[in-house]
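Undergrad: Below, each chain spelled out in residue letters.
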Amino acid sequence: GEDVEQSLFLSVREGDSSVINCTYTDSSSTYLYWYKQEPGAGLQLLTYIFSNMDMKQDQRLTVLLNKKDKHLSLRIADTQTGDSAIYFCAERLDFGNEKLTFGTGTRLTIIP
Amino acid sequence: DTEVTQTPKHLVMGMTNKKSLKCEQHMGHRAMYWYKQKAKKPPELMFVYSYEKLSINESVPSRFSPECPNSSLLNLHLHALQPEDSALYLCASSRGIASGRPGGTGELFFGEGSRLTVL
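These protein sequences, in sequence, are chains A and B. Numbering follows this note's numbering, in which position 13 of the first sequence is assigned residue number 13; successive positions increment by one, without gaps. Each position in the second sequence, counted from 1, maps to that position plus 1000 in this note's numbering.
One thing to keep in mind: the hints can contain errors.
What the hints assert, rightly or not - With a straight-line Cα cutoff of 27 Å, these simulated DSSO-like cross-link-like pairs (lysine-lysine) come out:
no. : chain 1 : residue 1 : chain 2 : residue 2
1   : A       : LYS36     : B       : LYS1036
2   : A       : LYS99     : B       : LYS1022
3   : B       : LYS1053   : B       : LYS1009
None of these hints come from the bench; they were simulated from the model.
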């Protein structure tokens, strides 16, 4: 199956860390991505992780991958008001597959 | 240039109109995509062109007709649409599949979208 699930909403105080979770059902996923979408805009790639990795850090962003549980998370350190957006995880099923399947999206709201 | 440019940004059309959405990239990417996104929903794949050939059609109604005139351009021709087709239409590109593997890290680069309203 290709269902990719996320919690719909997350509220975090400014300066705290945000953790956005994603679960997927297809164990053959090869590449996993996190995209950010601000209101009325397209999707912006934030970061990615290959399936043979379990962690990747990129400045304020940390991605954790648990292949056994098919669980992906994105941690944003020191969350700022500019981080308010919808965050989508996405998976590419195999190397030869051009299709990216997106998760349901998590709306992150920052509380001042 | 890492941009995917979509025109128009907004389009209002009647159910009997014929219109087109356009998408352009100059990153040398060989795969181009159309996604449809309804409010508060994730993008849903419609079509993929790979090396200028249609490689994926996700059972999209024939009132949507894609065209890839060359590797930099992608069009979506619209005819006899329904009000439920109103949505944000997103174009994306990627380096494409070569030798059985995606180029680079396989990510998609998205345009800002064309917001379509069908009256």
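Undergrad: None of the hints should be skipped; say for each whether it holds.
TA: Against the structure, the hints:
Only pairs whose Cα atoms come within 27 Å are accepted, and LYS36 (chain A) paired with LYS1036 (chain B) is accepted, the gap being roughly 16 Å. Among the hinted pairs, LYS99 (chain A) with LYS1022 (chain B) is consistent with the structure: their alpha-carbon atoms are about 21 Å apart, no more than 27 Å. With a C-alpha separation of about 26 Å, the suggested pair LYS1053 (chain B) and LYS1009 (chain B) falls inside the 27 Å cut-off, and the hint holds.
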